[in-house]
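Protein chains in written order, with numbering that gives the first Met the number 0: chain A, 0 to 218; chain B, 0 to 256.
Think of the hints as simulated: they come from the structure by calculation, not from any bench.
Glycine included, each C-beta is placed from N, C-alpha and C at the ideal position.
Hints should not be assumed to be uniformly reliable.
If you want the footprint, here are the derived chain B segments under chain A, 3+ residues with CB under 8 angstroms [stated by the list, open to error]:
no.: 1; segment: 21 to 34
no.: 2; segment: 52 to 59
no.: 3; segment: 74 to 84
no.: 4; segment: 233 to 244
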Amino acid sequence: MFKKIKYNLQIFQKDLFLFPIAFMALFLLITALMNDNTQASIARSFLGFVLPLIASGLAAYAYLEDKALELKFTTNQKSTTFIAKRLSVILIVIILTAFIFQAGLKILNITVPIQVSWLYTQMSWLIPSLFAITLSGVISLLANSSNLSFSLMGGIWILQVVLRGWFANNSVLKYIFYFSATMNPGTQDAYLNQLTQTSLIVVCIILTIFLIKKQERYI
Amino acid sequence: MKEFFGVIKYEFLMSIKRKSMLIIALLFVIFFIANSLNVDQAIILEDANKETYLYTAGQSVFFLNLFFPVFVGISAADRAIRDKKNGVKEIINATKITNQTHLFGKYIGVVLSYILIESVIVLISSLQFIIFQSFPLIYMVYAFAALLMMGFPALFFVIGFSLVCPFFMPIRIYQILFTGYWYWGNYINPEAIPSISHTILNASGRFTLYKYFERSAPAMMNNNDPNAILNIVVLIALGFLVVFAMSQFQNKQNQKA
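Construct the complete structure from the given sequences, taking the supplied hints into account.
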């Protein structure tokens with residue numbers, strides 16, 4: 000079990016997993032240096048806004064950058080197992096980063112920005128991050144390019160951040176908008192948004208399973 | 000010079016022929032044009048004068064600058080580092096092409112390819128305004144002036160760093176940092192979070208927009224805002240400077256090897 004995790008970590012390069020932690024430490028420092036009014040806002044920004052970006056960046060390279068990919072395809076490993084292994088490593092890193100960040104806030108005596116409830120706060124970053132991970136993976140397989148996947152995901156992220164007001168008020172896009180749960184906590188739209196994103200996560204996973212079976216495209 | 004133009008031509012064609020890149024560019028174009036269709040025609044027609052058209056042209060390119068350089072910065076990040084990854088750098092070193100010729104050739108080739116894509120986007124968007132919203136032909140000139148002053152400097156700046164930075168950090172980390180930087184460095188209010196968005200290094204085209212295209216420029220301009228022309232010069236110069244610094248660094252490395 001540990002050997003498998005170690006192997007997966009080696010595939011993704013260890014420094015990539017140090018990066019989210021380093022980025023988290025930077026945000027923790029910025030949060031600590033800010034005054035009381037902006038601390039909660041910055042802490043929320045890291046969880047709700049930055050984590051989905053990091054998640055999509057890591058996931059864009061989850062499948063195609065393995066030098067032993069061709070070898071992997073020759074084994075009798077199920078495609079679902081293959082996908083689960085790749086995505087779970089990224090998800091674990093994102094979850095650990097989020098929890099260490101929240102623990103850091105507590106240690107520094109900064110009010111943890113709980114919105115609505117503890118569970119809601121966790122869902123407000125977990126669902127968009129998971130959506131970003133699965134969508135990024137699907138695009139990388141569709142385009143057969145990790146670089147292009149993140150080009151698109153980065154563009155989508157920046158559009159959503161800069162035009163967040165427009166996205167939040169658009170009658171259709173507000174349901175797939177990454178930051179709805181963070182920006183409008185506890186509203187009916189936010190719950191519907193989480194429900195839509197969860198459904199899209201399932202669709203993305205199904206698409207990934209379908210796409211990964213077309214092994215000849217990636218070797 | 001022959002080698003230099005050869006590298007430019009090769010890099011330009013290699014960059015522009017990436018089909019999936021064009022598809023993604025097209026997706027952003029559709030979004031950009033769909034958004035430009037939202038411009039309130041009634042307001043424009045009611046107040047149709049040179050200032051209105053200048054304002055629309057400036058706003059359109061400023062809006063394009065929100066996301067196009069992000070797409071460019073991320074997708075151009077693998078252009079220079081791929082030679083090292085593919086193991087062809089040693090072969091290139093064995094030819095007459097110097098590090099300076101190779102890197103600058105790559106830089107200009109990649110910049111030209113994205114300039115072409117961005118120009119096509121602005122051309123289509125301008126034609127849309129001229130054909131469907133009865134804008135005068137002069138609008139095309141305004142739109143390309145805005146592109147020249149706001150879009151192209153950002154491309155020079157972004158591509159310079161995108162070619163060089165992946166030599167010093169994993170490409171994925173650069174891409175994530177770059178996306179975060181684009182928002183932090185250009186759009187965040189420095190009074191809320193410390194940022195460089197109100198300095199000469201802002202690459203969004205904001206200062207040029209306020210100075211030359213905004214209808215209510217005096218109200219929008221801040222006395223402390225940097226000079227728009229200086230902003231353009233600094234962005235382009237930094238792009239070239241970072242590529243030059245990298246070529247010098249590679250020369251030093253070759254001497255050590």
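Going through the hints against the structure:
1. Counting residues of the segment 21 to 34 of chain B whose C-beta lies closer than 8 angstroms to any C-beta of chain A gives 5; at least three are required, and the coverage claim holds.
2. Check on the segment 52 to 59 of chain B: 0 of its residues sit with their Cβ under 8 angstroms from a Cβ of chain A, so the three-residue criterion for coverage is violated.
3. Counting residues of the segment 74 to 84 of chain B whose CB falls under 8 angstroms from any CB of chain A gives 3; the rule of at least 3 is met.
4. With 0 residues having a Cβ less than 8 angstroms from any Cβ of chain A, the segment 233 to 244 of chain B misses the three-residue criterion, and the hint is violated.
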